[in-house]
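Number of protein chains: 4
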Amino acid sequence: MVITFLRYNYGMIKTAIVGSTGYSGQELVRLLALRNDVEIKFLSSQSYVGKKYSDIYPFFKGLVSNVCVEQDVLKFAKECDVVFLALPHGIASKEITREVLATGCKIIDLGADFRLKSRAIYEKWYGVEHHGEELLKNAVYGLCELNRDEIKGAQLIANPGCYATCSIMSAAPLLDAGIVRADNIIIDAKSGVSGAGRTLTADSLYCECNENIKAYKLASHRHTPEIEQALGVDALMFTPHLIPVNRGILATSYYELTHKVNVDEAKRIYKEFYKDCYFVRVIEGDESAEIKNVKGTNFFDVNVFMDERTNKLIVTAAIDNLVKGAAGQAIQNMNLMFGLDEKTGLEATGVYL
Amino acid sequence: MVITFLRYNYGMIKTAIVGSTGYSGQELVRLLALRNDVEIKFLSSQSYVGKKYSDIYPFFKGLVSNVCVEQDVLKFAKECDVVFLALPHGIASKEITREVLATGCKIIDLGADFRLKSRAIYEKWYGVEHHGEELLKNAVYGLCELNRDEIKGAQLIANPGCYATCSIMSAAPLLDAGIVRADNIIIDAKSGVSGAGRTLTADSLYCECNENIKAYKLASHRHTPEIEQALGVDALMFTPHLIPVNRGILATSYYELTHKVNVDEAKRIYKEFYKDCYFVRVIEGDESAEIKNVKGTNFFDVNVFMDERTNKLIVTAAIDNLVKGAAGQAIQNMNLMFGLDEKTGLEATGVYL
Amino acid sequence: MVITFLRYNYGMIKTAIVGSTGYSGQELVRLLALRNDVEIKFLSSQSYVGKKYSDIYPFFKGLVSNVCVEQDVLKFAKECDVVFLALPHGIASKEITREVLATGCKIIDLGADFRLKSRAIYEKWYGVEHHGEELLKNAVYGLCELNRDEIKGAQLIANPGCYATCSIMSAAPLLDAGIVRADNIIIDAKSGVSGAGRTLTADSLYCECNENIKAYKLASHRHTPEIEQALGVDALMFTPHLIPVNRGILATSYYELTHKVNVDEAKRIYKEFYKDCYFVRVIEGDESAEIKNVKGTNFFDVNVFMDERTNKLIVTAAIDNLVKGAAGQAIQNMNLMFGLDEKTGLEATGVYL
Amino acid sequence: MVITFLRYNYGMIKTAIVGSTGYSGQELVRLLALRNDVEIKFLSSQSYVGKKYSDIYPFFKGLVSNVCVEQDVLKFAKECDVVFLALPHGIASKEITREVLATGCKIIDLGADFRLKSRAIYEKWYGVEHHGEELLKNAVYGLCELNRDEIKGAQLIANPGCYATCSIMSAAPLLDAGIVRADNIIIDAKSGVSGAGRTLTADSLYCECNENIKAYKLASHRHTPEIEQALGVDALMFTPHLIPVNRGILATSYYELTHKVNVDEAKRIYKEFYKDCYFVRVIEGDESAEIKNVKGTNFFDVNVFMDERTNKLIVTAAIDNLVKGAAGQAIQNMNLMFGLDEKTGLEATGVYL
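From first to last, the protein sequence lines are chains A, B, C and D. In case it helps, my numbering puts the first sequence at residues 45 to 397. In case it helps, my numbering puts the second sequence at residues 45 to 397. In case it helps, my numbering puts the third sequence at residues 45 to 397. In case it helps, my numbering puts the fourth sequence at residues 45 to 397.
For reference, chain A alone in the conformation it holds in the complex (with noise of 0.2 Å):
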């Protein structure tokens, strides 16, 4: 086993993070921090402007010397070979203006706005007025390993929901292979609590959090729209819900079979489809699929069984909300951009436990 970081020869790619202090902005500098073919050129933030990076999160002294500056995204691609952006929805939309896609910078938007190709469907869910709609059409969908030659080609990209990222690519080679009905799908998420962000919210709070699971946003979540746009279903049942650890989601989805298919054949189906994708890991014997074997990983666990009494398929898949759901998506799509291996910086990057 051997890592890749030096294996290429593009030059130091300078990088901006935008909302760099929350939680998914300070796991970029996490997984940026010590490659040495990336350089982190600014961290913006709104309400830390001035102060070290090292002193907001005591985590990265020694590793990161930068001070947070202020947003400025047209300067940033000026000065930048790729912008991240980790704002709330409503916000990316005004900040890549024309201007700043003119300067020929790539951008990674961490963000919903450009993840939903209908203006109506973004403004129904959201409750917001998109700003950038002629920039719809411009923006990839960022998911690796469904979109990786139009990723390559692309400038902005709109990085998948966590929830989304995980139901999604749960889904897709059940619907590629054509064995179950498209109308009767049922996702059951559980996210841990860094899914809300660093935002205070009484909900957020230690206490409330500790001890308890409960779903939230039913039948109304957000990433609802973007997994059915991503699969190409009408309407699907998506529930979210909130468990006491840092990190991680879980998504158990049930499928009715319309084609006998028995549990070798519908992981054979997973394997194939996911045949050249190095961070996808099908289980092999007939254990769940388990958010600690993905913790602060770039993987995607998953395995699918079979309830004959039923008909149907329950797939349980895996994911790091911050790495492969957020932050390291947003690198491994960087390096999808820059001609890299999509590997680059995201193999060591977790612990067990």
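Pairs involving identical chains hold if they fit within one copy or between any two copies, as the list cannot separate such chains.
Below, simulated DSS-like cross-link-like pairs (lysine-lysine); rule was C-alpha separation at most 27 Å, straight line:
#1 315 / 95
#2 315 / 261
#3 96 / 315
#4 196 / 58
#5 122 / 95
#6 85 / 196
#7 105 / 95
#8 58 / 387
#9 105 / 319
#10 315 / 105
#11 387 / 85
#12 105 / 387
#13 58 / 95
#14 138 / 58
#15 96 / 85
#16 196 / 319
#17 196 / 315
#18 261 / 105
Think of the hints as simulated: they come from the structure by calculation, not from any bench. No experiment lies behind these values; they were computed from the predicted model shown.
Assemble the complex: chain A is given as a structure, and chains B, C and D must be docked to it using the hints.
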């Protein structure tokens, strides 16, 4: 708000708890210890005979003075009014003999041996021989909200499984109302670690459970036929998950509508179905059930949601697996069998955080 | 074991809780809600006036029917027998006026304003002006095990701080016995997150507390002078830590011996000192106190250890910060003030896991 | 910031890990797996011979292809450049024979057998016979920051205990500076559950550790003489606690000043003492060390506080018990022994949350 402890006049109920040092056993002790109408006469144990109960669980120091005795169900039955059994499956069906029942003592079995009416189904799912087939017809399934009248006259109670309690109570009103398909029910359940008991297995180690979630026993969990039997359906999908909390079950269940209803009508169905049930709380707003709201209590919290896009109902329901899912319901059964208010001793038993 | 709820004949005690929606407030509600000798007449709140208490905390649905009212301490005092205040420091000393006390109503202040006898020391450590200096002499420090007789006749109780309760009760027997130096005491205390209350700060977010421990307010925590005053020592070292649990304090304290004692003699000192104290449990063996054994209860668990190599005593002690460290002790004070058995309503309040 | 992986030219270092399936063993695997200058030649195990390592720990699927082999230290020594032992105490001293050392292979023992220079003290604290007394003089105590030069030339390294590492590094600068009494040192340490290893004991069960904290082995923990030996003090007080986190140690230590210093001078003592130590971070402000800032990393974070009222210094220090407290320091030792930069492969190893 007034407690009801002292409102009847039965005299002291003499009890024994068999298997008292497991987690369900200690919860029975917790809930019975301070009642002034109940005497804990025997606490039996396999591993701790001769040891003070409060040395095994220092939590009970000053509350319980019993010393653990050897397991002798016949003796307990002769000297007590009610015997609780909290034993691994396959053992109670040997212990509860005709001689034991001939004493007239009431028996509440927290294990699985008398829950399923069919010996064949029991042996298929549990993989062991059943030793008390002739007693299966005597046993009453102790899900209080569904079988209250039958329980009142029973001698032998099969106390429901924790997952089964939460699942059955979630689905029963909808099936009773005839508004959902019986052949497309999916129950996605999440349980705290105490559900696995105090047995030493790597899967129950702190570092393996903490910061993790996984599904397990997919399409094969033993509570499945118990749920099906109680609901009168042929086959449903039940998927359990392990979450990093000590206590609590959240069941998220999915139903395909056969009749058009709105969410208010659906809520009314639950309120009507459980109209005399103190321990059922139908949530008014659009919040999910949460285990932190039932922790330590005998409540069953439930809410119902409509997804018009997929024509499905979603039900979220929460119980404490050790209380309503085990010891609390056992005591609720005891209360009913002894002619007491079913909530006696079960009101002030929880903590919020 | 018999509960003592109904053993006296005072009639219904009418109560108000000011600041009822914080964590200490809700714990008062939990402990009072099911007493049949107490009426919760007013629950006041700043943020939730007009809202049903059980909508704020759905845990209480079916148990508490109060609607939150505006804070009006004088009115509450006129219409109640006892008013509990659970407010940030600096506020109670304004609210508890001569007019309020003139009503004859008993007042139990869970805040810090009346704990320190010296206004100067209060203002130095709390950094705010004290508005009720003339009432300081009226206030009785409500550490029940130390001041029981004085409490019985008091009108105004300064309910001790959570850390202070655990620390004072740890050290008092040794100082009373005169076997340790008073000028070399070190208390290393660890508290659950509920100690910080329900205020929104980044430090209380789930992802910041989980999988972490830190010390804070080193050599500067405000409970230090409170501990010193109660113990009658000039200066001791007190270091608080934040641990990822909801509830509980463990204090590990270190003492330099001036007289040779063995561990049995040391335990005897604790047993003798607390000989009439139901809520004190001196651990018999060589196990540490643990917060899981006191969770939800009013117990103070303590054990003492000898280190002959360094001639020091180590004491480990545990309480539930919300019960014995706040609401439980407040109710114990109330019981004493109303001539009740001090353990009334405080026996069956915990959960083991 | 540039990683240093590829900066030297030793060729591939062949390694074996004995006891590879415990938590320290898997951490060695994690940290070595992706180095391109290290080959993991043997992973041995008692329970899993013949099983793929990535089946035991699915975390490593795609990263590690080894199959577990039988333990054969002599064979490993003949075929490798370095052998790591992660075994219970009393075993390594039998396995590391003269024959093993005669191979010239470097040995890094993560266990306790070669840490104490005195066989008598070892046997007193560990309660077992020592089988390799004649090798004790060969062993170098591998606390890199204190013994760097000696380590470079060593063949046999006694890798320090986790608590010992954190405690020694906390106290050493103060004792070296001669400003505190050597006979009044108190170390109050808190460790995550992985410190207890993967052994099945009730004390390590999720429900027993979660929502709990306790002290243990008071005045009797085996790291005490190790700390005393390294610091050259006769006797100090060391108290370990178990906290509900997977990883990390926080040590809070207390010192009596013999010379007047202010807090800046005290910090300067630490900075000077550790001036060439990449992995030591002296915190600038008045924040405590926190384990979340060192999670997964080889850092030692430390801060010092003054309590003028009691004339004492308080030091808070944090490490990851599995990294700097075990596997990370073992690799740091390996790096030094092989002439590499000590931080090789140890820079990008952590996660913040």
